[in-house]
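Put the two chains together into one complex; each comes in its own frame, and the hints tell you how they fit.
Those protein sequences? They're chains A and B, same order as listed. 1 is the number of the first residue of the first sequence in the working numbering; add one for each residue after it. 151 is the number of the first residue of the second sequence in the working numbering; add one for each residue after it.
Please note that a few of the clues may not be correct.
[To be verified] To give an idea of the interface, some chain A residues facing chain B are shown, with a C-beta separation under 7 Å as derived from the structure:
1. G89
2. E92
3. R93
4. W137
Read the hints as simulated data drawn from the structure, not as lab findings. Idealized CB from N, CA, C, for every residue including glycine.
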Amino acid sequence: MTWISKSVTGLGLLLLTHACYSAHEHSALHSTSTASLSSMASHTAVASTVASLPIDISIETVVAVFVICLGLVLGTPELRPIQWRVWAGKIEREGEKGFTNSDGNVDKDYVGNPFRMLESRPGFIDIRKQRKEFAEWVREGGGTAGASKS
Amino acid sequence: MSSSLSHPPAHLPPAVALQLSQQAPVTLRSTPSVISSYSFTTLWSAAETPELWTEYENLMLSCLRTGDEQSAGVCLERLTERFGAENERLMALRGLFQEAIAKDDATLKQVLEEYETILTKDPSNMPVSKRRIALLKTLGKTTEAITALNEFVDSSPTDAEAWAELADLYVTQGMYPQAIFALEEVLLITPYAWNIHARLGEVLFMAGSSGDTSTDKYLAEALRRFCRSIELCDDYLRGYYGLKLTTNKLLTSLPQASRQSKSDSGLPIPDIKTVERLNETATAKLSEIVRRSVSGESGWEGYENAEVIAAKALLDSGAAKSIR
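Isolated chain B (complex conformation) (with noise of 0.2 Å):
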C-alpha cells in the first residue's frame, strides 16, 4: 500500500482521495483480508503488522469521501473480522458508515439514536461519544454539541482533540474568549505545536479584529503566540503570516492607544519600536518564501500553493500602500 494510506485522509487533497479509492479495489484484493495465527497459512503469507489495519481505516474513510460505499463496506467486514463488532473503535467506524450513507435526516437521527443507546450501555465509550458530538455537529446542533463537548472535557480533560473541537465549534459561534480558553488548553497538553499557537494567535486576532474592548490586549497577545510559533518551527509561513496582519494593525492603531493601559494586568504591550522591527522581519521572510517556493528551489516545495498565494497577496497590498 502507498504510503498516504498510513496517515488519516483528513487532509488529503480531494484528488488523492479519489486516487486511493480508485484503487480500493485492486489494494483490497491484494492485501490479506483474514490473519490467522493457527494455521499452516501463516508459515507463508506476510506476517499481520499493526499498520496493515490502520491502512484499512483509512482507506474505509477515503472510499466513503469519494463514495464508493461498497469498498468502504468491505474495509469495514475485513475489520470487525478480525477485532470482533464488540471493539469500541469499530463501534464507532459503524456508525460513521451508517452516517455516510444515510439518504435523509430521519435516517441521521436514528444514528444518533443508536449512539445513544450503545452510551447508555457504555457511557466511558470515548470514540462513539466523539461520533456523537459530531452527528450533532452535522445535524446543525451546534449549542448541543457544545454542551456535549463539555461533558466530555470534563470527564476526559487530557484529550487534546476534544479541546481544539471545542475551540474550533466556539469560533463558529463567535465565542471567542471561550474558543481562546480552549485552545490554550489543547496548548496545556501539547506545549510544541507549532500549528495550535499559530491557531491560537488566529483566533486572538479575530477577537482583536471584532469586538471594541482591549483591542490592543488581545492584538499583543497574538503577536506574542505568533512570535512563539515562529520560535518553534523555523520558516513558518503562517506565523509570519500571522505576524505580519497582526503588526500591520497594532502599527495602526498603537499610536493612539499606547499610554491608556498601562495600568492593566498582565503582560505590556510591546513598544512601538518592537513591533516595527517585527514587521519587517515578518516582510522579509515572507518575501523571501514566497520567491523560493514559486522558482521551485529544492527543499522548499513543502508549502502549500494557496499559502504561498496568499502570502504574496497579502505582501502586494503591503507593498501597494506604502506606494502611497
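This is chain A alone, in the form it adopts within the complex (with noise of 0.2 Å):
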C-alpha cells in the first residue's frame, strides 16, 4: 500500500516538475522572440499571445496536481474506529498490537483501557501486598523464567 503511494506522489511530483520547467522556457523562449519581433512588428498583435500559455502545459499541470492529492490520500494511515463499541472492542480483542504503527512502536496516545485504573486504582495500591504477592510469583519459578527471558 505504502509503495503504491509513494510512487504516484513521485509520478505527480515529476508531472509537476515537468509543467513548471515547460512553463519557463516557453515564457523564456517566447520573451526572446518578442523582443526580436517587436523591432519590426507592431506591438498590438503580440501582448496577446505573451499572456497566454499553450494549453497542454496547463492540463499537465491540473493532471499533476490531481495526482499528487491521490498519491497522499491513498497514503494515509488506517482510519481510527468513531464508534464507541467497535474502539471498546478493538481494545480488548486486540489489545497492544491493534495500535502499534508501521515502525512497530505502540502509538504514544495508546492508554488501553482508560477506565481500567478504576479498577488497578493507583491513589490505593497496597504495595505491602504487591511486594509479597511479586516474592511469591519469584518463589514459584516465575523469576528465573523472566530472567533468562530479558
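This is the structure:
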C-alpha cells in the first residue's frame, strides 16, 4: 500500500516539475523571440500571445495536482474507529498490537482501556501486598523464567 | 524509556515489572536527573516533558514492587528535587515508600500517625488521605477504612476511584447492596466504562447467588448490566462470560418463580425466551472468541490467557451438562 502511494505521489511531483519547467521555458523563449520581433512588427498583435500558455502545459499542471492528491490520500494511515463500541472492542480484542504503527512502536497516545485505572486504582495501591505477591511469584519459579528471557 | 513505563504499573504482569526494575539503573543513568530552566545546558539537553515525571513515578512503583529499594529511592529523590517536598502527591509517594520498606507493623503505625499529622494540618490533601485509607486496609482495619472512605466520598463525591475502592471494600465484607450502590455512583461519573458495567454485573450476580431474597431481581439486573457492557464494547469476553453465567442461572430458577414477582416495582424480569436467546448468543460468541484466540488469529491476541482458559472451562462444563 505504501509503495503504491509513494510512487503515485512521485509521479505527480515529476509531472508538476515538468509542467513548471515547460512553462518557464515557454515564457523565456517567447520573450526573446518577441524582443527580436518587436523591432519590426507592431506591439498589439504580440501582447495577446505572451499572456497565454499552450493548452497542454495547463492540462499537465492540473493532472499533476490531481495525481499528487491521489497519492497522498492513498498514503493515509488506516482510519481510527469513531464508534465507541468498535473502538472499545478493538482495545479488548487486539490489545497493544492493534495500535502499533508501521515501525512496530505502540502509538504514543495508546492507553489501553482508560477505565482500567478504576479497577487497579493507583491512588489506593497496597504496596505491601504487591511485594508479597511478587515474592511469591519469584519463589514459584517465575523469576528464573523472567530473568532468562530478559 | 519503554512505553509501558508511561502507564501505572499496578496491572502489569510480574515478569514485566521485573524487567522494568532490572533495567532501572540503566534507565536512571540515561535520563536527566535535574532539568534546570535557566542555564546553558538547556540548549543541548532534551526538553522537559510531562511524561518524564510520570515515568519516574511508575518506575519507582515498579521498583518498590520488586524490592529494588535503592532505585526507588533515587526516583523519589529526583522527584523531590523537581517538585519540592511539600507537593501533595510527593507526600503520598514518600509515605508509600516508607510503607514499602517498613519492617513490621509498629513502623507502619508510625507512618499512619505521620499521615494523620499531615491531614490535621491540611485536611484537603487528597493523595495523603487516600494513602491513609489504603494503609488502614493493609493493617487489616477494614471497617475503619470503610468509615474513612465514606467521609472521603462525602467531601469529594466525584472521585470515581474512591467510589470503586469503596465498592471493593464492601464486597470483601459481603455487603452487596452497599457495594452495588457505590458502583452505581461510579457509573454516574463514568457512564461509558464497560469494565465497571461488567463489574457491577458480577457484584449483582454474587448478591443474587448468596442471598435468598429477591434472587431473581438481582440476576435480572445483572443480566442487564452485562448486556450493557457488551453493548459498549464489541467482543467483550468478560461481559459474555458473565452473561452466560447469569442466563444459565436464570434458566434454572425462572421456571419456578416466573409468576410471583410481577407486582414488584422496577423493571420486570425478562421472559424466558429472551433469556434463552441471550444464552445462545453468549455461547456462540464465547466459543468464537475462544477458538480464534487459541488459534492465535491476528487481531484476536489482546485477551488474557487466564480469561480465555476460564471461558473455555465454562463452555466445556455447559456442553457436558447438555449432553447428559
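Hints, one by one, checked against the model:
At its closest, the beta carbon of A:G89 sits 3 Å from a beta carbon of chain B; the interface hint therefore holds under the 7 Å criterion. Evaluation of the A:E92 hint against chain B yields a held restraint, the C-beta minimum of about 6 Å falling below 7 Å. Interface hint at A:R93: satisfied, since its Cβ lies 5 Å from the closest Cβ of chain B, which is below the 7 Å cut-off. Because the closest C-beta pair between A:W137 and chain B is about 4 Å apart, less than 7 Å, the hint holds.
Violated hints: none; the structure is consistent with every hint.
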